[in-house]
Every structure is written in C-alpha cells, then in structure tokens.
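> Hints in hand, dock the two standalone chains.
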Amino acid sequence: MNIFMHELKVYRKSTIIWSLSLIAIMIIFMSMYSSFAEDAKGFMKIVENYPEAIRNAIGFNQENFFTILGFYSFPLSFITLCAAIQAMNLGTSIVNKEVREKTADFLLTKPVTRTKILTAKLLAALVSIVITNIFYFAAASFVALQVKTDDFSLKIFFLLSLTIFFIQLIFLSLGIIISVIVQKIKSVLTVSLATVFAFYFVGMFSDTTGDEVKRYFSPFKYFDTAYIIKHSSYETTFLIAGAVIIILAIAASYVVYSKKDIHAV
Amino acid sequence: MNVIEIKNLTKTYGKARGISDVSFNVEQGEIFGFIGPNGAGKSTTIRTLLSLIYPTSGSATIFGKDCIQFAPEIKKEIGYLPSEIFYYDNMKVKDLLKYSASFYKKDCSKRMKELAKMMDLDLNKKIDDLSLGNKKKVGIVQGLLHEPKLIILDEPTSGLDPLMQQKFFELLEEENKKGATILFSSHILSEVQRLCNRVAIIKEGKIVTVEKISTLQENNYKKFKIETNSTLDKDYFQIDGVNKLDVHNNVTSFLFKGNINTVMKKIADIEIANLWIEEPDLEEIFIHYYEKEV
Chain A
3 MNIFMHELKV
13 YRKSTIIWSL
23 SLIAIMIIFM
33 SMYSSFAEDA
43 KGFMKIVENY
53 PEAIRNAIGF
63 NQENFFTILG
73 FYSFPLSFIT
83 LCAAIQAMNL
93 GTSIVNKEVR
103 EKTADFLLTK
113 PVTRTKILTA
123 KLLAALVSIV
133 ITNIFYFAAA
143 SFVALQVKTD
153 DFSLKIFFLL
163 SLTIFFIQLI
173 FLSLGIIISV
183 IVQKIKSVLT
193 VSLATVFAFY
203 FVGMFSDTTG
213 DEVKRYFSPF
223 KYFDTAYIIK
233 HSSYETTFLI
243 AGAVIIILAI
253 AASYVVYSKK
263 DIHAV
Chain B
11 MNVIEIKNLT
21 KTYGKARGIS
31 DVSFNVEQGE
41 IFGFIGPNGA
51 GKSTTIRTLL
61 SLIYPTSGSA
71 TIFGKDCIQF
81 APEIKKEIGY
91 LPSEIFYYDN
101 MKVKDLLKYS
111 ASFYKKDCSK
121 RMKELAKMMD
131 LDLNKKIDDL
141 SLGNKKKVGI
151 VQGLLHEPKL
161 IILDEPTSGL
171 DPLMQQKFFE
181 LLEEENKKGA
191 TILFSSHILS
201 EVQRLCNRVA
211 IIKEGKIVTV
221 EKISTLQENN
231 YKKFKIETNS
241 TLDKDYFQID
251 GVNKLDVHNN
261 VTSFLFKGNI
271 NTVMKKIADI
281 EIANLWIEEP
291 DLEEIFIHYY
301 EKEV
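These protein sequence lines are chains A and B, in that order.
First residue of the first sequence? That's 3 in this note's numbering, and the numbers climb one at a time after it.
First residue of the second sequence? That's 11 in this note's numbering, and the numbers climb one at a time after it.
So here's chain B without its partners, still in its complex pose (with noise of 0.2 Å):
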C-alpha cells in the first residue's frame, strides 16, 4: 500500500523554476530519502504535500485522500519537522508542546515526556534561550508527540550535534519500527544512506530517479582501482560501461556499470600489481547523476 502518491505534481512560481512534473510514490512502512541539492524543488514539494502551497498542476494523495482536500484529516496523522524552526518566543517549551498537542484528540502528554527525556530536552526553559541544537530538539518532540503514522522531515539534522543526530536516528528507525512511514528530506548524502530503504533524487524540480539504495550501490556501479606494474594504455579500459576513467602513472580507476565479465576479462589480459573494487558510496552515484544530465 502506498502511504503517499504524488502524480505529475507541477508547480510554477511565475519565472522562478518550482517543480515540474514530480510524480513518485512512498510505500507503507518504509523511510524514504529524498535528495537533491539546495533549492532542487525537496521543500516546495512537501509543502505541497502539506498544502502549505497550492499546486498548479498535478495532484499528490496521503493515506489515499487527496492532501488538498482532506489536509486537516491527514494532518491528524502527520508529523511535519520543517528544516528552520521557530516557535513562539515567548513560551516556555513545555507551554508549547501542550498546545501542540492541543491540535490532536488524543493524551500526549506521556509521550511528549518520553521524548523530551530522550532527546534531554529540559522542559521548563524558555524558548528564547534556546540554541540552535535545542530549538530543533523541540521541533523534534512536536513533530513526534502524537505518534504519527507518517512522519515529513525537511532537513532535520541541520544544528543537531553528532551524538543527538544519533539519537535522533534511532528515535526514527524505532518509529519505523512500530509502522510509522518516513519521508526524509536530505542533501546529506551519508544521512539517507544510514537511513532509508528507497531514494529519490531531484534536480532541478525535476525527479531523475526513484531506487532502492541497495539497488543504486550495489547493482548499478563498482569502482575500480587497478595498479599495473607498467604504464598502460590510455584507452585499454575505454569500453561500454565505463564512467570517468582516470588513468594516472601506473594506477588507472574507473567506475563500471554492465556485465563485470568483460572487465574482468580485460584485467585477466594484462599483468597487474594490485587491484580494488568497491562499491561506491551514494555520493559518487549522486555527482554522476548529476553530471551525466550537465
């Protein structure tokens, strides 16, 4: 079952680029990545999905209602951390969360303690006095309060340090765990590589793949390093399914997608010193996303 389904969604900013054409789904049960670089369309897309921004063309349905529509019913079980928090300043954190929680019928007050413990977020202080990090630990406990089914994040670990960005992760696997679906918001490549199980990236407003993580590291690419004990020709690995072949003394690295056979067959031919093959982390699948469409 899918939780969210975006279909052909558009949105125009008079000349400013938006997004065009958007369409992915996220399945019941899964943390799904959504990645691009700053300004690619990831925030005007979940504000659309939030019905924060209205689209011009196109339509997208949470928990199969239409999210225009129906938005104060999917709301309910919507837990939305925006990428730049700023609440009411002149409440105390508890203050806010109980009115937060005020929104949803339901007694949070249980859970609201849980996370602030969790999270060591001290109740009692003002929100003025807040950092940065403690700010968005607030942010955190309100999006998380009312036990939603399906969790929006924008950029959540902005101004978290390494320990509660830690923590943060586990709150969510374990959320994961207990069936809430997860959208997360990233241009922090290692973030959603820890995290999720489905990726989408976006550039440019425009959607250039949806894949399983696994699928993007493992099937598609190797990295290849390979040390010969001479110099060796330029082209000899210049064949089908080569990307940015490098070759540098004796040491020559490419990456490869296709049948590995034919590589192995061309490395088999010469005499070599030394040789690696890696799965290449997200990043280098994401720059070459990027770069083949420049």
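Just chain A, same shape as in the assembly (with noise of 0.2 Å):
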C-alpha cells in the first residue's frame, strides 16, 4: 500500500499534464465541427478527389464523417497516438526508473516481495491511466454536446472514447515488459515514442491496404471507429488479440522481474 500510494504521489503531476493536454486537443477538434458542418458538401467534394488509400490512411469514411460521432473519430485516433505515448512512458518507467534513479537497492533491500512492488506499480499506473480518462470522458462529452447540432449517441460516444483506455492497457503492458527485460533504458521517452510511432505506422499502412490481417500487426488498428458507430459494439476478435497481448506481456514482466539480477550501477 505505501508503495502505491508513493508512486501514485510520482504520477500525479504527470496525470494532470497529461490529461489536461489530451483534453486540448480533443477540445481544438471539437471546435472546428460546428463550421465544418455547414461547409460539408464542399468539403466533401475535396475529399473524395483524394484517393481511397489516403482517405483511409486519415480515417476518413464518407458516411459518418459529418455526424458528430463521425466527426470525433478523426482526433480521436490522434488523441489515442498521445494518450499511448502516456501510456508507454508509464510502462517503461515503472521498473526503469528504479535503475535510472538508482533506488532499486532502497526498495528492494526493503521487506517486500518483488511480485508485492511490481503490483502496486502496475495498479498505480492503472489508476494513474483510469483518472486520466475519466477528466477526458468528461471533458469530451461536455464538449460534444455543447457543439453538436443533431443527436447523438452518448452510448457509442463513450465506445468511442473508451478505445483510448483499452489501447492505453496495450501500450502500458508493452512498457512494463520492456523495462523488465531491457538491463537499462536511458531516454523512456526515446523508446516510447519510437514504439508507438512504429506501430502508428505500421497501423497506417495496414489501412491503406485494407488487409484484415494486416491489422493485428497494430494496436491502433484494434479498433474500428466505422465499425463501432455502425454496430454500437467493438470486434470481439480483436478485444481478445489485445487481452492476449496484455495478459502474456504482464505475467512474463512478474516472471522475469522476479528472478532478474538487480546490479550495482
């Protein structure tokens, strides 16, 4: 418990940063629908002289694109690649930072467990990701319903919104895993952006050539914002890829940090 609550003080700083920045973006988007609506025909016009691969590598789909949930889809998946980013830093540093900081010997010198600090790690990095998105639900579906024109479901809104959460759980998994297995890690920034930047891309270019199986190689592509708004519901399929991929990465990092040297620095 105190190791939670220590860490969870570390984070706290970070969470607002992060929340706050994420919410920014997602209000400057937000902003520009109400215009964006009136000026639809002609923007649509544009558009579709793009070619498909581009219209899909943007996340553009004719359909929806001018409902507010259409709309919303086109930040959000930059709001996801920066909420990832968070994620990612927050994975990476739980055991690094240890090292980095040189006070793996304080606290592993301690009565603890490994398994026992590794958990109130993780739980105070979830808690640090789960607060970060409700101020952003909150903020998002203010915002939403001050500039929408028709109604809208608040039901896939939040299926929207939620996405972030989900693939936040993905990147942070991955971090830890990272951390855990990689002796010392100098810039967490460096390999966090360089990991997410990777999968954003290879996401990108999977959509461009609209390979289903191509999607699994991403976790951005997990989620479909087209198929959500159409079925109000995620693809069962994928949810389970990222359960995998988070439960394998977790138990391997409680494996490995277990029986891991601790060296001298």
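Incorrect hints may have been included.
Only pairs whose alpha carbons sit at most 25 Å apart, straight line, appear in this in silico SDA-like list of lysine to any residue [said to hold, decoys possible]:
hint: 1; chain 1: B; residue 1: 267; chain 2: B; residue 2: 223
hint: 2; chain 1: B; residue 1: 104; chain 2: B; residue 2: 185
hint: 3; chain 1: A; residue 1: 188; chain 2: A; residue 2: 121
hint: 4; chain 1: B; residue 1: 120; chain 2: B; residue 2: 79
hint: 5; chain 1: A; residue 1: 261; chain 2: B; residue 2: 49
hint: 6; chain 1: B; residue 1: 188; chain 2: B; residue 2: 14
hint: 7; chain 1: B; residue 1: 159; chain 2: A; residue 2: 115
hint: 8; chain 1: A; residue 1: 262; chain 2: B; residue 2: 27
hint: 9; chain 1: B; residue 1: 213; chain 2: B; residue 2: 225
hint: 10; chain 1: A; residue 1: 99; chain 2: A; residue 2: 249
hint: 11; chain 1: A; residue 1: 11; chain 2: A; residue 2: 188
hint: 12; chain 1: B; residue 1: 108; chain 2: A; residue 2: 188
hint: 13; chain 1: A; residue 1: 104; chain 2: B; residue 2: 138
hint: 14; chain 1: A; residue 1: 104; chain 2: B; residue 2: 140
hint: 15; chain 1: B; residue 1: 213; chain 2: B; residue 2: 20
hint: 16; chain 1: A; residue 1: 188; chain 2: B; residue 2: 101
hint: 17; chain 1: A; residue 1: 104; chain 2: B; residue 2: 82
hint: 18; chain 1: A; residue 1: 11; chain 2: B; residue 2: 138
hint: 19; chain 1: A; residue 1: 99; chain 2: B; residue 2: 145
hint: 20; chain 1: B; residue 1: 102; chain 2: B; residue 2: 145
hint: 21; chain 1: A; residue 1: 216; chain 2: A; residue 2: 197
hint: 22; chain 1: A; residue 1: 104; chain 2: B; residue 2: 136
hint: 23; chain 1: B; residue 1: 102; chain 2: B; residue 2: 121
hint: 24; chain 1: A; residue 1: 104; chain 2: B; residue 2: 132
hint: 25; chain 1: A; residue 1: 104; chain 2: B; residue 2: 134
hint: 26; chain 1: B; residue 1: 267; chain 2: B; residue 2: 200
hint: 27; chain 1: B; residue 1: 136; chain 2: A; residue 2: 100
hint: 28; chain 1: B; residue 1: 120; chain 2: A; residue 2: 4
hint: 29; chain 1: B; residue 1: 244; chain 2: B; residue 2: 277
Everything labelled a hint here was simulated from the structure, so no lab data went into it.
This one's a predicted model, so the numbers in the text were calculated from it and none came from an experiment.
In structure tokens form, the structure reads like this:
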C-alpha cells in the first residue's frame, strides 16, 4: 500500500499534464465541428478527389464523417496516439525508473517481495491511466454536447472514447515488459516514442491496403471507429487479441522481474 | 550462533568474474570486516545476501533462514547501507525516511529523530539539495531507523568527513553493544582495524582468509628493524619465516612469522646498534596476502 501511494504521488503531476493535453487536443478539433458541418458539401467534394488509400489512412469515411461521431473519430486517432505515449511512458518507467535513479537498492532491500512491488507499481500506473480517462471523457462528452448539431448516441461516444483506455492498457503492458527485459534504458521517452510511432505507422500502412490480417500488427487498428459507430460494439476477435497481449506481457514481466539480478550501478 | 552462514556461494556473470566458492560465517553480536580491493567480489557477495542478485550455486542463510527463499521476512531485521546512494530526488529527507519506515511494522519516528540529531541531518531539506556526505547521512539514518538486528554496510564511509566518520563508528559500536551484528565491507583497512573483531579477506572472487583481527596482527607477523654498527651479510637473516627481507646500509628490516626465539638468537649473535620490533598494521598484512598469491 505504501509503495502504491508513493507511486501515485510521483505520477500526480504527469497525470494532470497528460489529461489536460489530451483534453486540449480534443477541444481544438471539436471546436471546428460546427463550421465543418456547415461546409460539409464543399468539403466532401475535395476529399472525394483524394485517392482511396489516403482517405483510409486519415480515417475518413464518407457515410458518417459529418455526423459528430464520425467527425470525432478523426481527432480520436491523434488523441489515442498521444495517450499511447503516456501509457508507454508509465509502463517503461515502472521498473526502469528505479534502475535509472538508482533507487532499486533502496526498495528491494525492504521487507517486500518483488511481486508486491510490481503489483503496487502496476496498480498505481493503472490508476493514473483511469484518472486520465475519466477526466478526458467528462471533458469530451461535455464539449460534444456543446458543439452538436444533431442528437447523437452517448453510448457510442463512450465506446469510441473508451478505445483510448484499451489502447493505453496494451501500451502500458508493452512498456512494462520492455522495462523489465532491457537492463537499463537511458531515455524512457525515446523508447516509448519510437515504439508507439512504429506501431502507429504500421497501422497506417495496414489501412492503405485494407488487409484484415495486417490489422493485428498494430494495436491502433484494433478498434475500427466505423465498425463501432455502425454496430455500437467492438470487434470481438480484436478485443481478444488485445487482452492476450496484455495478459502475456504482464505475466511475463512478473516472471522476469522476480528472477532478475539487480546490479549495482 | 551464526547470524550469517555462507556456503560455497558462487556467482558468475558470463565471462566476467563474480565470486566463486565463498564460504564464511558471521557470529551473533560481532562486527565482521569484509575487505578486499575494488572488484574483488565484496558487493557481489553482499547483493546475493540481500537477494538483489541470485547465486549461480551455493547458498547463504541469515538468522538460519535461506536468504533467497525467506528474503522478505529476513529483511525486516536487516539494515542496509549501499556504497552509492541515490534517493528519489523530489522528496524531502523527512518524507523519504517516513517512506522507508513505512515498510517496517513498528513506530520508527523516535529513533529516526534521534539518529538525525546524532548525525546532524536537516530533515526538512530536499534530497536534491544535499551534498554527497549529507546524502550518505540520509542513507545511514534510513538503514538504522528500524533498529535492525543485522546491519550490512557496503563501503559506507566514502563521502563522510572524518568527524562524521567518527560519529558513525561510535553509532555502529553503540548498535553493536545493543546486540546488532554488523557486516562491514571496505577496502580501507584502518576502518576495519578500528572497528572489527574478525575479518574475511577476499581477492579475485575467492576468500583468501578468515581470521580474528588480533590473530592477524599479533600472532602471525612481527616487523623487525635492526640497525647494526657494521654492514651485515645480506643473507644473514635469510631463515625460515622471514619475509620481505630488506638490507639497506646498516639497516635490516623484515617480517617474521614463526618461533620468535630463532630470530632472537640470530640477533644475539651480532653486534646491534638499535632494534625495533613492531606489530605490522593491517595494511602490511593485507598486502602480504596479496603478494603471496601473485
């Protein structure tokens, strides 16, 4: 419990900053919606001239682009990208921070098991992510209700926003496994940016070809906004894929961490 | 009763040397020195005891319990002070010490204040702003605030000024009187000589010897220096038990181990101007152990 509280305190500032940043991106995009909706027809023509590959890549689909939900899908992909970086940062620093700040000796010579340490840190990171999502969703639904031109399903809006959380979970667990396996990471941000962007571009690439199987290679493509809007649910196979990644990564992290040698620095 | 029992402990890191076949015991209530040059394996041994690293083979027990299997339980009664100290920067000294105390299920606040006062440590400063020596003090208080039964120190004195070092030693002696066992690793021999009852010497990952400090000093070696009126034959003192024989003009010096009468007879046979017989300090013994193996 004490480790958990300590970690939460450490994350407090970054949680607030990330929440505000995500909200800011959301507000900037959503504030354009009303003027966007007005110029709908003209805009439609321009975009129709783009090649299909590009239209897919930027997440544009004609049927619902001008409903508020369709429009929201557009900034959502950027917001998810940023949120993934936050989660990856958290995950990577869980174990690595102790190594880098050389506090591992302090913590690991206390009367606690490594499993307990990892659990406490994991929970603290999870809470930080949950809080970010609560703030974000509260702000996002408030803004959406302000700028809407027609009524929309708040449930679908929630499902869309919740994809941020799921993707964050995936990147959090990827971050943890990396931080446990790699002996010493010099810069957490470099590692997390590289990983997140790599997956993001893999995702964009899989979009342009429209190949279903390729979607499995990028967590960013596990949640197809058009599908969610149409069916107001997620695609089960991709939910399972996500869950498998999370469970495997976290289970492996526990195993590796409890057997790992902590070297003097 | 043995507080620490190390049996054939081996740790290898790929090709690099770790420790091999390290065995020694630390008895209840003693201050045990663990000396050797940098990189000899002192930290590796200590980190294995604390289950920070896992042994390749062999085992160690602390308070009669396996140090890996029962690690969390054992650590309740261990205070550890690492050689290099870096604590969560954004914390105040007080908060860090409270965090440290929160791991032990007892009230440590009184002891914490006592120790801080003794070590002259400002509890309200941020750890960022502390000098190396002051960070070290935080480490000392942190390691002792839960009144551990076993104190493990890994080269603890670097960064402390002589005055603080003195206070720190007094503190350790006080803890020792109260019943704490101390394992003190160092490469500075005078520290060990000043504080410890027994000592293990480690070299290149292997224990060279485990002995009482007093045995090392008194029974084993005597340092002879003889001044004669005329130049002495170079090989006059070349007898069994003589080491490091050095003849310089009229002054002959050597280390001697063995029956002292044999040397005294040799000395009685010659005309001497002056004679010194001294206990060698630990440094000389230590170097002797090292050279012997080369």
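> Hint by hint, work out which the structure violates, then give me just those numbers in ascending order.
Per hint list: 4, 12 violated.
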